[in-house]
Every structure is written in C-alpha cells, then in structure tokens.
Amino acid sequence: MKKSILLILVLSWFAGSGWIRAESPDSIFERANAYYQSGAFDSAAVYYDSILHLGYESAELYYNSGNAHYRLGDIAAAIYNYEKALKLNPRFSDARFNLQLARLRTVDKMEAPKRSVINVWWRDFLRSRSADQWAVISTILIWIAFFMALLYLFAGKRRLRFIAFFSSLFFLFLTLFVLFLNIENYRINHNSHEAIVFAPNAYVKSEPGQSATDLFIIHEGTKVKVLGEAGHWYRIQLSDDKQGWIPAEAVRVI
Amino acid sequence: MAIVLLVIGVGSARGQQADLRAEVNKNTVEEGELLRYTITIENGEERNLTPPEFHDFQVISSSRSSQMSVQIINGRQEIKKTLKITYLIRPSGIGDKVIEAAELKSNNGTLRTQPIHIKVVKSGTLPKRKAPGGADVGDFPKKDIFIRASLSKKEVYRGEQLILYYTLYFRSGISNYEMPASKLNGFWSKEVEIKKPEVKTQNINGINYRTAVVRKLILFPQKSGVLLIDPAKMTVDVQYSFFDTRRIELTSNAVKLKVKDLPSGAPPEFNGAVGNFRIESTLSSEKAAVNEPLTLRVKISGTGNIQLIDLPEPQLPDDFEVYDPKINEHISTRGDVLSGTKSYEYLLVPRQRGTYKLDSLVFAWFDPATGQYKKAHTRSYEIQVSGEAKSNPGGKNAISGLSKEDVELLDQDIRYIHTEAKLKRSGNSFFGSIRYYVLMLAPVLLFIVLLIIRTQRIKAAGSEEQNRQKKAARKALKKLNNLAKKELNDKDYFEAIPNILWDYLGERIGLDRSEQTQEGIRRKLESLGVDSLKAEELETLLENCRAAVYAPSEAGLSRSEMLERAKQWIHRFEKELQV
Numbered sequence: 001m002k003k004s005i006l007l008i009l010v011l012s013w014f015a016g017s018g019w020i021r022a023e024s025p026d027s028i029f030e031r032a033n034a035y036y037q038s039g040a041f042d043s044a045a046v047y048y049d050s051i052l053h054l055g056y057e058s059a060e061l062y063y064n065s066g067n068a069h070y071r072l073g074d075i076a077a078a079i080y081n082y083e084k085a086l087k088l089n090p091r092f093s094d095a096r097f098n099l100q101l102a103r104l105r106t107v108d109k110m111e112a113p114k115r116s117v118i119n120v121w122w123r124d125f126l127r128s129r130s131a132d133q134w135a136v137i138s139t140i141l142i143w144i145a146f147f148m149a150l151l152y153l154f155a156g157k158r159r160l161r162f163i164a165f166f167s168s169l170f171f172l173f174l175t176l177f178v179l180f181l182n183i184e185n186y187r188i189n190h191n192s193h194e195a196i197v198f199a200p201n202a203y204v205k206s207e208p209g210q211s212a213t214d215l216f217i218i219h220e221g222t223k224v225k226v227l228g229e230a231g232h233w234y235r236i237q238l239s240d241d242k243q244g245w246i247p248a249e250a251v252r253v254i
Numbered sequence: 001m002a003i004v005l006l007v008i009g010v011g012s013a014r015g016q017q018a019d020l021r022a023e024v025n026k027n028t029v030e031e032g033e034l035l036r037y038t039i040t041i042e043n044g045e046e047r048n049l050t051p052p053e054f055h056d057f058q059v060i061s062s063s064r065s066s067q068m069s070v071q072i073i074n075g076r077q078e079i080k081k082t083l084k085i086t087y088l089i090r091p092s093g094i095g096d097k098v099i100e101a102a103e104l105k106s107n108n109g110t111l112r113t114q115p116i117h118i119k120v121v122k123s124g125t126l127p128k129r130k131a132p133g134g135a136d137v138g139d140f141p142k143k144d145i146f147i148r149a150s151l152s153k154k155e156v157y158r159g160e161q162l163i164l165y166y167t168l169y170f171r172s173g174i175s176n177y178e179m180p181a182s183k184l185n186g187f188w189s190k191e192v193e194i195k196k197p198e199v200k201t202q203n204i205n206g207i208n209y210r211t212a213v214v215r216k217l218i219l220f221p222q223k224s225g226v227l228l229i230d231p232a233k234m235t236v237d238v239q240y241s242f243f244d245t246r247r248i249e250l251t252s253n254a255v256k257l258k259v260k261d262l263p264s265g266a267p268p269e270f271n272g273a274v275g276n277f278r279i280e281s282t283l284s285s286e287k288a289a290v291n292e293p294l295t296l297r298v299k300i301s302g303t304g305n306i307q308l309i310d311l312p313e314p315q316l317p318d319d320f321e322v323y324d325p326k327i328n329e330h331i332s333t334r335g336d337v338l339s340g341t342k343s344y345e346y347l348l349v350p351r352q353r354g355t356y357k358l359d360s361l362v363f364a365w366f367d368p369a370t371g372q373y374k375k376a377h378t379r380s381y382e383i384q385v386s387g388e389a390k391s392n393p394g395g396k397n398a399i400s401g402l403s404k405e406d407v408e409l410l411d412q413d414i415r416y417i418h419t420e421a422k423l424k425r426s427g428n429s430f431f432g433s434i435r436y437y438v439l440m441l442a443p444v445l446l447f448i449v450l451l452i453i454r455t456q457r458i459k460a461a462g463s464e465e466q467n468r469q470k471k472a473a474r475k476a477l478k479k480l481n482n483l484a485k486k487e488l489n490d491k492d493y494f495e496a497i498p499n500i501l502w503d504y505l506g507e508r509i510g511l512d513r514s515e516q517t518q519e520g521i522r523r524k525l526e527s528l529g530v531d532s533l534k535a536e537e538l539e540t541l542l543e544n545c546r547a548a549v550y551a552p553s554e555a556g557l558s559r560s561e562m563l564e565r566a567k568q569w570i571h572r573f574e575k576e577l578q579v
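Those protein sequences? They're chains A and B, same order as listed.
At position 122 of the first sequence the residue is numbered 122 (our numbering), and the sequence of numbers has no breaks.
At position 510 of the second sequence the residue is numbered 510 (our numbering), and the sequence of numbers has no breaks.
Next comes chain A alone, as it looks inside the complex (with noise of 0.2 angstroms):
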C-alpha cells in the first residue's frame, strides 16, 4: 500500500512536471492493461489508480482498476471501484458480475429488508441508467419531436400533418418523462451518498465520538449509505436500515 501511494505520488509529480503528460492517459490505460495481462496486478492497480489522479475516468477503467484490485485481495478497493464504474454505467454487466463475485468475500451479509415490489422496481429503474445516459435518451427524444412537429407544420396532406401532430406529442411527453427520471435520478444519487468501508473492521458507535456506545461492527467492503456528517464522523445507515455512526476515515464515499 504504501509502495503504492508512493508511485501514485511520484507518477503525479511527474504528471506536474509536464514529463508523463507528453503519455496520454490512454497510453497508460493500454500499459496498465499490460501489466494485468502479464500477471502485475500490483503494477496495474497503480497505474490505472494514476489515470483517475490525472483527472480522467470512465466505466472500463474503474472496471479495470476493480478487478486489479480484486486479484491483489484487496476487496473493499475492488468493490469500490466496480461501484464507480457501475455509476458510471449502470448497464455494465461485467462490472455488475465482479461486483457480486467481490461482495461473496466480505464478511457481513445482510438481508435487505423487504420493501414494496413497485418501490424496488421504480428505483431499480431509475438506476438503470447513469444521469448521462438518461440525459442523452431524453435529447434524442426531443429532437425526435421536434422533427415531428416540424413535419406537422410544413408538410402538405393533411392525413401526414395529423399523424405528426400527434407523434410529435408523444415524443414531447416522453421526453418530459424521460426529464423526470434524469433529474429523479440525478436527485437519488447526489442526495444518497453511498461508501464502501475500507477498514478491516469498524465499531459504529451510536454518537459521533470515540467514547459513544458501540453498537455493532462493520467490516471491509461492507456498503453503507452516508445519511449525514458531524466533524470527522459519518453518520450511516446499511441496507438493512440499521443506523449508526462511524469515523470518516474507515469509509470511502463512492
């Protein structure tokens, strides 16, 4: 670990002094690749995590650096990573595997509480796409109308003009849906912050402070939906509703 802040450190140095920068962050995808596919998972791990210090990222590299993670055992950094890159890209179904292959080498399994099928469904659905693939559909969509009612208005049968008319609306209205689920989504994860526990094991405590009643423990790559902060101190709440506090530092924020 510390090797590897290390070389994080020393590739950004030289990120700011202009010497990696002539290596494109796509060259150094393509060497981490390399390094993975040659069994240096250490090596790899580094340099993809150097791309996101660079300021880039994308699903596939999240991906990558999850399942460089993965081969090393360090799970909570894997199950971290596929989280982004599922954030990224919802419809990633590699990462969604992994994903599930990783949370099997944790310890806590909690059971979700059940919850409305209608309820799960909308969320799960609103989920499915990131706020950028939902943004994309909806601008097709409203082209897509625009065209319509531009055929409404200028074309010359009425038989044409009317089923325009009318297809212009639904694109419109779809549109305005498909608007809804963007900002719906938009609002569920940028108002739900989830992370991933990154210590091996934590005591949440039932008030911010180190001399609060413990009330249960979490282990690495548990994850946990920040409800709320205080000082250093989360307050979190796992997906079978129980609640608590927990230092900062033992939780990363995907």
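Note that these hints are calculated values from the structure, not bench results.
Every value quoted in this text rests on a predicted model; they were computed, and no experiment measured them.
If a hint is listed, it holds; no wrong ones were tucked in.
Taking lysine-lysine and the DSSO-like style, the derived pairs with C-alpha atoms no more than 27 angstroms apart in a straight line are:
(1) B/Lys-375 - A/Lys-205
(2) B/Lys-299 - B/Lys-287
(3) A/Lys-87 - B/Lys-422
(4) A/Lys-84 - B/Lys-422
(5) B/Lys-524 - A/Lys-157
(6) B/Lys-575 - B/Lys-470
(7) A/Lys-87 - B/Lys-424
(8) A/Lys-109 - B/Lys-357
(9) B/Lys-200 - B/Lys-190
(10) B/Lys-475 - B/Lys-567
(11) B/Lys-357 - A/Lys-205
(12) B/Lys-459 - A/Lys-157
(13) B/Lys-287 - A/Lys-205
(14) A/Lys-84 - B/Lys-424
(15) B/Lys-357 - A/Lys-225
(16) B/Lys-357 - A/Lys-242
(17) B/Lys-216 - B/Lys-256
Between beta-carbon pairs, the in silico distance windows are:
(18) A/Phe-216 - B/Pro-231: 54 to 64 angstroms
(19) A/Phe-180 - B/Arg-425: 26 to 36 angstroms
(20) B/Gln-384 - A/Gly-209: 19 to 29 angstroms
Here are some chain B residues the structure puts well away from chain A; computed CB gaps all over 12 angstroms:
(21) Pro-115
(22) Lys-122
(23) Ser-285
Don't be surprised by glycine CBs; every beta carbon is placed ideally from N, CA and C.
Following the hints, put chain B in place on chain A, whose structure we already have.
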C-alpha cells in the same frame, strides 16, 4: 474412640511467655469421691512451681505429662513446652472446700492461679448412675450436659456471612458424639470442619463446665426478616467410668436472627454478591492471527458468598467465537470466614481480522462492613487480529447466508478487463452541461420560431382570402351590371348568369367545380350553417336560367327581372353569411 481433650492456653503462641492454669474435673463431689486437679504450666519449669497445699484434701497420687511443640509463625520458630501435673485427690469432710492457688515463678514475675471451690456433699445425694446397659436416658441430669446454639452476629444484611456455633457443655467424659446435619430454612450454609474440638472451661452459675464447639456453620441468609434456626439434635456417648458409657440425645435451643434487606441504590451490575471482593483479568495476548485462540482469565477473590455469585460475561463481537468458560473455585473456611477465588477461563477464537475492543468487566458487590455498594472493574483490552480469514475453504456449504445464485457464483472467477476505454475528464458530466442545455433547448426554441413564422404566413394568407371573399360579391354584382349593358342574345345572356353565380360561390365559399350540383351546393351550404331556403332559391334561379336558354319566352321572366333576382340573391346570401 475417646477424644483427647487438649487444653491449649490462650496467648500461648506468644513466644516464651509463661502461663499457669489450674482446673478440676468436677466442682461437686460426694463424700469420699476422687477428683482430679490439674496444673498446666506453659513455658515454665516445675522447679519454679509451688503447688497448693491441699489442706482439706488427701493426695492419692500425682502424675506428670509434658509436651513440646514447635511452631513456625511468620518465619519465626517458636517452641512451646507444656507440662501437666495431675493430682488425684480426695476431699475430707463435707462442705465447701477450697484448693488454694498454685504459684509459678517466671521471668515476668510470679503467676498465680485462682483458688478453686469444691462442694462436697453427702454420699448418695448425687443421682446414682445406672448399671451398664440400662437404657434410661430420661433421668440423666440435663443440666450436666447440654448443647447450645449461638450466632456470631445478631443482625446482618441479607447475604452477609455469619457463624452458627453448636457448643456442647458437659461435665463428664465424652467418648463419642454425633450430630446429623439439620435443615436450615432461608440460609445457604457451609460447614466448617472441626478436626479436634477445643475444650474450654466455663463457669455457669457457679458450675464449671467444659465446653467444646462441636459444630460450626457459616451461614448466608437468603431472605430478609426475622429468621428462625430450628433446634438441632445431637447424640452423645457419655462415659461415666471405663465400663459405664451411655448414649443420650440432646436438643439445642432455637435461635433468632434479624436479617436486614440490602439498601436501595444497587448499581446495575450488582447480582447479589455480599462481602468484600477483588476482580482481575489476564489476556494471553493482545495480538493474534485469525483462528488463533486467546485465553481470557477473569478472577474474583475475596470473602463473602463467593460460591453464589456469577461472573459478569465478557462482551465480545460476533467476530470472536467464545467457548463456554472453564470455572475454577477455591473455597476456604479458614478463620471461620468463607473466602476464596472463582476464576473463569474463556477461550476466544478470532474469526476476522481487525481491531477489536474487549471492554472491561464490571463487578459490583455490597460491602456489609461499610453498608455500601462497591464496584471494581478489570482492564479493557484492544486485540489486534491479523491474517486472512478463510471465507470459503473449498466447501460450498461452509458459508452461510448465501443465496442460491451466490452459491452458484462461488466456483466462478471475475470477468476479464476491458481493453478499450473512452477516458474522459472526470466531473464532466453531460447532464447539466452547457451542451446539454443547448441540445435540449434548441429544438424548443427552433420550434417556437418556426411556429411564429408559419402563423404569420397563415395569417397573411388568411387575410388575402378574406379580401377575395369580400371582393367576390362586388365582382359578381359588377359582372351582372355589365351583362345588362352588353348586347347579348338571350341564350348567351341566360347562360352567363349561372356562370357568374358559380364563380361567385367558388370565390366566396370555395365551392369546387365538382360540387356544382344540387346536392353539392346543399351540402356546402349546410356545412356553412346557411338556411336551406337559400339553396332552394338558388336552385330555382338556376333552373329558370336554364329554362330561359332553351325557351326564353316560356321562362316567364324578362332578362332584367332575372338579373335583379340574381343580384338580390347575392345580397341576401352575403347578409346570411355575415350573421
């Protein structure tokens, strides 16, 4: 089995301190009866002893027995010498006789015993002993042998320890005794083993008794209130002479004890311990690897109801497997106080890596000496567990809490990396970007602009139409007027009028050529909401014109009349349209 009744001087343990005592085996004798007078010298020499002058007694014989014991107390060796001189004497005469004091010169000056009074009664006055084998128990003088129950404290707290003594008072030799355990209601008790009863002399109402504590119990009252200890029974073999031993049964007195309830304000950790305690713990190591067992020992020691108390349970997270503790108990009744230690040995096996806290254990008790609750706690530990937990050692069934899908995943490996990636500057999201807003708003704005353009064009086109409509009537009327001025034959004239009307209707209400039929006009006018009368009028007019073309004379209407009718129809039709 005869019990040797040993007399050990009080304070004899104090080094070379000399001591002198004198005693008799009975204080009341019959005339001519023998009695024993014993002088006990401790740490003294016989040559320094001045035995009493037996004025009223005849000395039959005297004997000596000496004993030496070595005691090591606090590393210091102490030697105790005991010399016993026993005189067998016979009183002369009846009445109160006195054995004078014996004297002993020692380093600390002269020691002197108390003079002993002996009552000599007439022969036969004292109750006669029965012949051997006689089972008569009732006539034995009860006052010569009895048993008493007594308590070390009169008032205690619930759970506080105290001692119950059963003391045998006797004047004759005792060869054997038996005391069955009696039931004590409301107490938890622990018997103090008596190996050799210590015999003392006690004078009660002028009678010297030998006393021995034959049974000792440490009691712990379990109830509050006034508790009654029932009389206890005892059988004693009394030896009057070598051949005369009798078994008699004795019953003790009952005793009462006041038990106070524990004061309020007990700490939550209190679970009934009364006395004075200490608690300590040891952990084999504060560093361990996963699955490497640790031992936690917790020890409570002190005086009190240690056998009745429970140790606080150590609180450990689920990541530890805690086995049932091994409990060791060492109890001692030394010094007539129940004391001891109780230790718990827990085996802890960490199953996950991490840093875990083992909280201190709090033990609370009531201290009857101060009448207060007290608390003590062990130290807390922080256990560092290192290493890797083996989550799935081959077996699928080893892991609990997995769904069916999860179990199927166990055999699989992660999917391979993606070698293609579109790296983007992080934080540059499309949603909410300027590009997004432009792309979203552009069609809306474009549509609005186009809509405005089109509406204006339609408006312009609309006004043109209206003008044309307005002009249509004027144009038609003009054409009709011009018709009158033109030199036309009847045929042309009457053919022109319907044409002018058709043109007018074409411009005014957009009547197509195809609609220039009776039906067409009617439908058109109906759709415009015009009175159907107008259509009939038009039909008549057109019919008349047609008739006039072929037979002008038969038409019945002159050229000017026909023209006038057509004009009037247009006027009326315009009016109708304007309504």
